[in-house]
Amino acid sequence: MMKFRYLAYFGLLLYAQTAFGQTISTGVSMSTYVAASPGVLLDKGGVKIFNGGFGSDLAIRKGEPGYFYIITDRGPNVDASKSSQKVFAVPSFNPQIGKFIIDGDSIRLVSVVGLKDTKGRLLTGLPNPEGTGGTGEIPIDLNQKVLATDSLGIDSEGLVAMEDGSFWVSDEYGPHIVHFAADGKMLERVNPFSSPRSIPKVFTTRQPNHGMEGLTILPDGMTLIGMIQSPLYNPTKDDTKSSRIVRVLSYNSITGTSKQYAYVLENTSNDISAITALDKNTMLVVERDGDMKYGSTKSQFKNIYKISIATATDISDPANKPNGLLFSGKTIEQLNTASGLKGKGITPVTKTLLCNLLDYGFLHDKLEGLAVIDNYTLAVSNDDDFGITSDGDNGIEAKMVPTANSGVSFIDRNELSIIKLTSPLTPVADNRNSDKAANFTLEQNYPNPFNNATVIRYHLAANALVTVKVYDLLGNVVAVLTNVYQNAGDHTVPFETGGLASGVYYYALCAGEMRIVNKMILLK
532 MMKFRYLAYF GLLLYAQTAF GQTISTGVSM STYVAASPGV LLDKGGVKIF
582 NGGFGSDLAI RKGEPGYFYI ITDRGPNVDA SKSSQKVFAV PSFNPQIGKF
632 IIDGDSIRLV SVVGLKDTKG RLLTGLPNPE GTGGTGEIPI DLNQKVLATD
682 SLGIDSEGLV AMEDGSFWVS DEYGPHIVHF AADGKMLERV NPFSSPRSIP
732 KVFTTRQPNH GMEGLTILPD GMTLIGMIQS PLYNPTKDDT KSSRIVRVLS
782 YNSITGTSKQ YAYVLENTSN DISAITALDK NTMLVVERDG DMKYGSTKSQ
832 FKNIYKISIA TATDISDPAN KPNGLLFSGK TIEQLNTASG LKGKGITPVT
882 KTLLCNLLDY GFLHDKLEGL AVIDNYTLAV SNDDDFGITS DGDNGIEAKM
932 VPTANSGVSF IDRNELSIIK LTSPLTPVAD NRNSDKAANF TLEQNYPNPF
982 NNATVIRYHL AANALVTVKV YDLLGNVVAV LTNVYQNAGD HTVPFETGGL
1032 ASGVYYYALC AGEMRIVNKM ILLK
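Our numbering puts the first residue of the sequence shown at 532, with every later residue one more than the last.
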């Protein structure tokens, strides 16, 4: 079971200027659903490793409105005291995809798909051996016993949920792009050294644990777009210390052909952690740093950008050399910046800022999942690292999230946050007074005035994620009546006042880009 928590709410301070039932604009808002008791994988000396981990990416499958698919990464792991080692606290952990639904004031886990090999055996998250996508890490357990590597181990990061029930997953090892059937069984695994199909060899130079972090699919249903997390070590780590150039891979899952584009990070401390497609050329991308909102003197960075590949230069190397296409003897990564690219006639993907999630109250370090619900609504998820971090001595301790109050923090947990945007993702006609708006209605509650109970009726012109909330005159939320995905048509919701005092209250209906507020009077 998961618990719902508000971090912000839309600006009801506008209500005094609106007529009853009038559609209003919104301010910044983010509704957050938190795992209250996800179960425990291991309790090590009082430090609990939570069976969460769903947050490395999320996806929405067409034809399944209201459901969210959220994937784990390779499992609970922390840095060891030796830089060459990595502690795997639960070595047998099986990376998996969870299917969730928003249900009232909670988010409910409906089912889990464990990722498997071609014979149906559960995969682990242990590192690959060198030469097959290895990161150079030596895996150890909590007793400092060296563990074997796994040639099919997966560090799952990007997720695509296909209409046929299958999944595409991008993997930081390798990097690999893996196709799984609906039951989690592996269908195909593509990487820079696979055959007969592969991605370009240049991707073998990816930084350890900074492989293909984001993955999406275009509306054609066959073109995958993957983004490398950070600049490749191409040709070497020292050559690209100052680089802000990240590669975007376009891979046709039918023909096996590919293209590449350049994306320019805002600064060298940022990474790419998610991507989701809007149309054949346009996507949303998460660019972030690795810091929490509070508890650090650094200026945190958690931005979502809208990017386009429409005018970007294809930087693919027809000869498929290990370092890719060279420009005056330099790799793309060695060109470092946008001006370096421009000097060689290379146009990167265009990018415009959509929103800064720090403004919405996002607290976590690892913003890693991104999906589009509708033209005004996004869903994002965080990677909680299973609630643990390194104790600095090959052990684990609880991973804490600081807040604005220096004396208050909480254990990092997976959160699914619904973001309401103030402007549409793609241009729409002004239809606030159109038939569509007219058919999206919030009726006066009945009876009104009322004593202990009343009924609220509304009509949806289209399927939507719907919330109905009641506010007092100060704008405080006093009740959340509905918070589910609903089909178009007529709906009713009861409101029982409980211990509320007599007075004027406001009830607000939000569905997609439409917001309506009405007033009601409680008399006891």
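Keep in mind the hints are simulated off the structure, nothing from the lab.
This one's a predicted model, so the numbers in the text were calculated from it and none came from an experiment.
Beta carbons: idealized from backbone N, C-alpha and C, even for Gly.
You may find that some hints are simply not true.
Unchecked claim - Subject to a maximum C-alpha distance of 25 Å in a straight line, what follows is the list of computed BS3-like cross-link-like pairs (lysine-lysine):
{"no.": "1", "residue 1": "K875", "residue 2": "K772"}
{"no.": "2", "residue 1": "K768", "residue 2": "K873"}
{"no.": "3", "residue 1": "K732", "residue 2": "K772"}
{"no.": "4", "residue 1": "K768", "residue 2": "K861"}
{"no.": "5", "residue 1": "K873", "residue 2": "K772"}
{"no.": "6", "residue 1": "K811", "residue 2": "K593"}
{"no.": "7", "residue 1": "K768", "residue 2": "K613"}
{"no.": "8", "residue 1": "K852", "residue 2": "K768"}
{"no.": "9", "residue 1": "K630", "residue 2": "K875"}
{"no.": "10", "residue 1": "K732", "residue 2": "K676"}
{"no.": "11", "residue 1": "K575", "residue 2": "K676"}
{"no.": "12", "residue 1": "K613", "residue 2": "K579"}
{"no.": "13", "residue 1": "K575", "residue 2": "K772"}
{"no.": "14", "residue 1": "K613", "residue 2": "K716"}
{"no.": "15", "residue 1": "K790", "residue 2": "K676"}
{"no.": "16", "residue 1": "K897", "residue 2": "K575"}
{"no.": "17", "residue 1": "K882", "residue 2": "K811"}
{"no.": "18", "residue 1": "K716", "residue 2": "K593"}
{"no.": "19", "residue 1": "K861", "residue 2": "K873"}
{"no.": "20", "residue 1": "K837", "residue 2": "K593"}
{"no.": "21", "residue 1": "K732", "residue 2": "K852"}
{"no.": "22", "residue 1": "K732", "residue 2": "K790"}
{"no.": "23", "residue 1": "K837", "residue 2": "K897"}
Stated by the list, open to error - Restraint-style ranges between C-beta atoms, simulated for each label pair:
{"no.": "24", "residue 1": "S800", "residue 2": "G594", "range": "34 to 44 Å"}
{"no.": "25", "residue 1": "N906", "residue 2": "V1008", "range": "20 to 30 Å"}
{"no.": "26", "residue 1": "P955", "residue 2": "G651", "range": "17 to 27 Å"}
{"no.": "27", "residue 1": "D1021", "residue 2": "D695", "range": "29 to 39 Å"}
{"no.": "28", "residue 1": "N812", "residue 2": "V1015", "range": "28 to 38 Å"}
{"no.": "29", "residue 1": "K575", "residue 2": "G874", "range": "45 to 55 Å"}
{"no.": "30", "residue 1": "K613", "residue 2": "P955", "range": "48 to 58 Å"}
{"no.": "31", "residue 1": "V641", "residue 2": "V1009", "range": "28 to 38 Å"}
{"no.": "32", "residue 1": "M753", "residue 2": "D924", "range": "44 to 54 Å"}
{"no.": "33", "residue 1": "P933", "residue 2": "K873", "range": "38 to 48 Å"}
{"no.": "34", "residue 1": "K852", "residue 2": "K772", "range": "16 to 26 Å"}
{"no.": "35", "residue 1": "N674", "residue 2": "E1027", "range": "36 to 46 Å"}
Consistency of the hints with the structure:
1. K875 to K772: Given pair K875, K772 holds - Cα atoms ~20 Å apart, limit 25 Å.
2. K768 to K873: holds, 23 Å
3. K732 to K772: Given that 25 Å is the threshold and the Cα spacing comes to 21 Å, the pair holds.
4. K768 to K861: holds, 14 Å
5. K873 to K772: holds, 20 Å
6. K811 to K593: holds, 16 Å
7. K768 to K613: At roughly 20 Å apart (the allowed maximum being 25 Å), K613 and K768 satisfy the hint.
8. K852 to K768: Roughly 18 Å separates the two Cα atoms, so the pair holds.
9. K630 to K875: The given pair, whose Cα atoms are some 46 Å apart, is violated under the 25 Å limit.
10. K732 to K676: Not OK: K732 and K676 at ~34 Å, beyond 25 Å, violated.
11. K575 to K676: Given that 25 Å is the threshold and the Cα spacing comes to 16 Å, the pair holds.
12. K613 to K579: The hint holds at about 23 Å.
13. K575 to K772: violated, 38 Å
14. K613 to K716: violated, 35 Å
15. K790 to K676: violated, 43 Å
16. K897 to K575: holds, 24 Å
17. K882 to K811: holds, 15 Å
18. K716 to K593: holds, 21 Å
19. K861 to K873: Holds, at roughly 14 Å.
20. K837 to K593: Since the Cα atoms of K837 and K593 sit roughly 21 Å apart, the hinted pair holds (cutoff 25 Å).
21. K732 to K852: holds, 6 Å
22. K732 to K790: holds, 13 Å
23. K837 to K897: OK: K837 and K897 at ~19 Å, within 25 Å.
24. S800 to G594: 34 to 44 Å: Since the Cβ atoms of S800 and G594 sit about 40 Å apart, the hinted range of 34 to 44 Å holds.
25. N906 to V1008: 20 to 30 Å: holds, 25 Å
26. P955 to G651: 17 to 27 Å: Since the Cβ atoms of P955 and G651 sit about 44 Å apart, the hinted range of 17 to 27 Å is violated.
27. D1021 to D695: 29 to 39 Å: holds, 34 Å
28. N812 to V1015: 28 to 38 Å: holds, 33 Å
29. K575 to G874: 45 to 55 Å: holds, 53 Å
30. K613 to P955: 48 to 58 Å: holds, 51 Å
31. V641 to V1009: 28 to 38 Å: Distance hint for V641, V1009 holds at roughly 30 Å.
32. M753 to D924: 44 to 54 Å: holds, 49 Å
33. P933 to K873: 38 to 48 Å: holds, 40 Å
34. K852 to K772: 16 to 26 Å: Since K852 and K772 have Cβ atoms about 22 Å apart, the given range 16 to 26 Å holds.
35. N674 to E1027: 36 to 46 Å: violated, 55 Å
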